[in-house]
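In terms of our numbering, the sequence shown is residues 21 to 210.
By construction, these hints were calculated from the structure, which means they are not laboratory data.
This one's a predicted model, so the numbers in the text were calculated from it and none came from an experiment.
Careful, some of the hints might be misleading.
Calculated cross-link-like contacts (lysine-lysine; reagent style DSS-like; alpha-carbon spacing at most 27 Å) [stated by the list, open to error]:
1) 151 <-> 93
2) 53 <-> 151
3) 53 <-> 93
Estimated spans, in silico, between C-beta atoms of each pair [stated by the list, open to error]:
4) 132 <-> 90: 25 to 33 Å
5) 91 <-> 151: 23 to 31 Å
6) 76 <-> 151: 34 to 42 Å
Note that beta-carbon positions come from the ideal geometry of N, C-alpha and C, so glycine has one too.
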Amino acid sequence: MLTGLAGGLAACATPLAETSASGQPIVTTNAGKVQGLAENGVKVFKGIPYGASTAGQGRFRAPRPPAPWTGVKETIAYGPPTPQGRPSTAPPLPPRNPNLPPPLINNNPSDPQSEDCLVLNVWTPATDNGKRPVLVWLHGGGFSTGSGSSAWYDGVRMAQKQDVVIVTINHRLNAFGYLYLGDLGGGEWK
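Based on the provided sequences and hints, a complete structural model is requested.
In structure tokens form, the structure reads like this:
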């Protein structure tokens, strides 16, 4: 997985940037061009594929690079989180007190889930050739729940205030990501 992630990050770091007719940022990755959006002065790219589909024949196999595309892929919406269970033993929240700050947002995604989930999200203050620190944030959840699209990990404010690039990812969880079949299935499963 880390090889695929590193390739995806390298793809997003390509400094070939342009702007669409509507003024939205476009960058060139190793797989093709992606168009994001501008949000409070930050360039945002959501749902950029960093690996090939892990559904169907790709299930339980090592990640592969994404298939290249032609044209410009719109990356303005988060990609789907990986299939995961829902905690059923969590106690209900007490009634909300209007004098207290809002509760933390649940890290368990409610979006439709999919095995085709190897996507990353990028927030950057600019798409120029500037060198900036990059913070790669792997969501919590004990490798069984969570998503890089959780509101906890929204990178707009940090990119805006700190001149840093923020990257969050969706990755496979549970058996979809950690079941090793190399000894049973041979080399193609490694």
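Quick rundown of the hints versus the structure:
no.: 1; hint: 151 <-> 93; in the structure: holds (25 Å)
no.: 2; hint: 53 <-> 151; in the structure: holds (21 Å)
no.: 3; hint: 53 <-> 93; in the structure: holds (6 Å)
no.: 4; hint: 132 <-> 90: 25 to 33 Å; in the structure: holds (27 Å)
no.: 5; hint: 91 <-> 151: 23 to 31 Å; in the structure: holds (29 Å)
no.: 6; hint: 76 <-> 151: 34 to 42 Å; in the structure: holds (40 Å)
The structure shown violates none of the earlier numbered hints.
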